[in-house]
Amino acid sequence: MEETVHAEETGLTFHPLDQFIVQPLFGTGEVHWYTITNATLWMAIAVLAIFALFVLGTQRRSIVPGRVQSVAELMHGFVHKMVEDVAGREGLRYFPYILTLFLFILFVNYLGLIPTAFTPTSHIAVTAVMGFGVFIAVTVLGFVLNGAAFLGLFWMKDAPLVLRPVIALIELISYFVRPVSHSIRLAGNIMAGHAVIKVFAGFAGIALISPLSIVAITAIYGLEVLVAGIQAYVFTILTCVYLKDALHPGH
Amino acid sequence: MEGNVADMGQFIGAGLAAIGSGAAAIGVGHVAGNFLAGALRNPSAAASQTATLFIGLAFAEALGIFAFLVALLLMFAV
Numbered sequence: 001m002e003e004t005v006h007a008e009e010t011g012l013t014f015h016p017l018d019q020f021i022v023q024p025l026f027g028t029g030e031v032h033w034y035t036i037t038n039a040t041l042w043m044a045i046a047v048l049a050i051f052a053l054f055v056l057g058t059q060r061r062s063i064v065p066g067r068v069q070s071v072a073e074l075m076h077g078f079v080h081k082m083v084e085d086v087a088g089r090e091g092l093r094y095f096p097y098i099l100t101l102f103l104f105i106l107f108v109n110y111l112g113l114i115p116t117a118f119t120p121t122s123h124i125a126v127t128a129v130m131g132f133g134v135f136i137a138v139t140v141l142g143f144v145l146n147g148a149a150f151l152g153l154f155w156m157k158d159a160p161l162v163l164r165p166v167i168a169l170i171e172l173i174s175y176f177v178r179p180v181s182h183s184i185r186l187a188g189n190i191m192a193g194h195a196v197i198k199v200f201a202g203f204a205g206i207a208l209i210s211p212l213s214i215v216a217i218t219a220i221y222g223l224e225v226l227v228a229g230i231q232a233y234v235f236t237i238l239t240c241v242y243l244k245d246a247l248h249p250g251h
Numbered sequence: 252m253e254g255n256v257a258d259m260g261q262f263i264g265a266g267l268a269a270i271g272s273g274a275a276a277i278g279v280g281h282v283a284g285n286f287l288a289g290a291l292r293n294p295s296a297a298a299s300q301t302a303t304l305f306i307g308l309a310f311a312e313a314l315g316i317f318a319f320l321v322a323l324l325l326m327f328a329v
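Taken in order, these protein sequences are the chains called A and B.
So for the first sequence, the numbering used here puts the first residue at 1; every next one is plus one.
So for the second sequence, the numbering used here puts the first residue at 252; every next one is plus one.
Hints listed in this document are in silico derivations from the structure and should not be mistaken for laboratory results.
Incorrect hints may appear among the rest.
As the list claims (entries may be wrong) - Below, a list of computed lysine to any residue pairs in the SDA-like style, where the Cα atoms sit at most 20 Å apart:
1) A:244 / A:201
2) A:81 / B:256
3) A:81 / B:304
4) A:244 / B:306
5) A:81 / B:253
6) A:81 / B:295
7) A:244 / B:295
8) A:81 / B:305
Could you put the whole structure together from the sequences, leaning on the hints where they help?
Written out as structure tokens, the structure is:
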């Protein structure tokens, strides 16, 4: 989002999208690719939190896991089961990548729910890298594993012959829309949720309805906690579905 | 009141795009409602289908998010 200048601040002001402005952490000036911004900071915090949970937390490798280790084992087992159920046993080779995606999105989403925190996943630039990363990886993998047979994904064998070119065209379009919807779904959900909280916070400026607005913020915050987890889950499970297409393009 | 016709068109367009959110709400409600109807008929099979439920919800919801995105683009980017 580009920086907007708010000249007059009179009465009720809504700037629900100001929270998504990427700012340099030190000083002011232009944001280059190497500038350390608030997005960099919160992504780094997420990575450090994951590191603390998964590397430091499981260092003792006790047979009877402690609190931190059981949380790590729970998450590992959850994603492991998801990959196995959706993508099949062959999909487990790519389990580390999917676990990494899941943990990063989950931690960034939840850390972003801390008041005044910045949520990197609310930016399409961040989610598009992950979405297109999955898309390119899956497409390359499909061609490497299946060769030209991967194109069978678009050529429906069980459809009537007349309809097959039409279906192939539709399938082709829907295949290329995948990374777009994959990334925009995550960014849109997170951005919309945070913007709604800000809009209700704007209503708190009116004394008459401010108690109602605070109750509404609390309720929506609860919903956002749910959405943060569900969106991480959805992103991961769709990655598994796409991976299954690359592993078994026939069906 | 001041402003020009292009601004007005932007806001009207953004409002029209918000209809898409309502349509997505209908879709998401259909998915969840039908899942619940099926799950109550055969509760033992419900647990194995929650992943399908979330995939269906995600696809239905994505189009609503697209509508929301169009509204945002009209409001802030055009």
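Status of each hint after checking the structure:
1. Between residue 244 of chain A and residue 201 of chain A the alpha-carbon distance is near 43 Å, which puts this suggested pair outside the 20 Å criterion.
2. In summary, the hint linking residue 81 of chain A to residue 256 of chain B is not supported, as the alpha carbons are separated by about 55 Å, beyond the 20 Å threshold.
3. For the proposed pair residue 81 of chain A and residue 304 of chain B, the alpha carbon gap of about 17 Å is at most 20 Å, so the pair holds.
4. With a C-alpha separation of about 14 Å, the suggested pair residue 244 of chain A and residue 306 of chain B falls inside the 20 Å cut-off, and the hint holds.
5. Simply put, residue 81 of chain A and residue 253 of chain B have alpha-carbon atoms about 59 Å apart, too far for the 20 Å limit, and the pair is violated.
6. A distance of roughly 19 Å separates the Cα atoms of residue 81 of chain A and residue 295 of chain B; the hinted pair therefore holds under the 20 Å criterion.
7. Only pairs whose Cα atoms come within 20 Å are accepted, and residue 244 of chain A paired with residue 295 of chain B is rejected, the gap being roughly 25 Å.
8. Between residue 81 of chain A and residue 305 of chain B the alpha-carbon distance is near 16 Å, which keeps this suggested pair within the 20 Å criterion.
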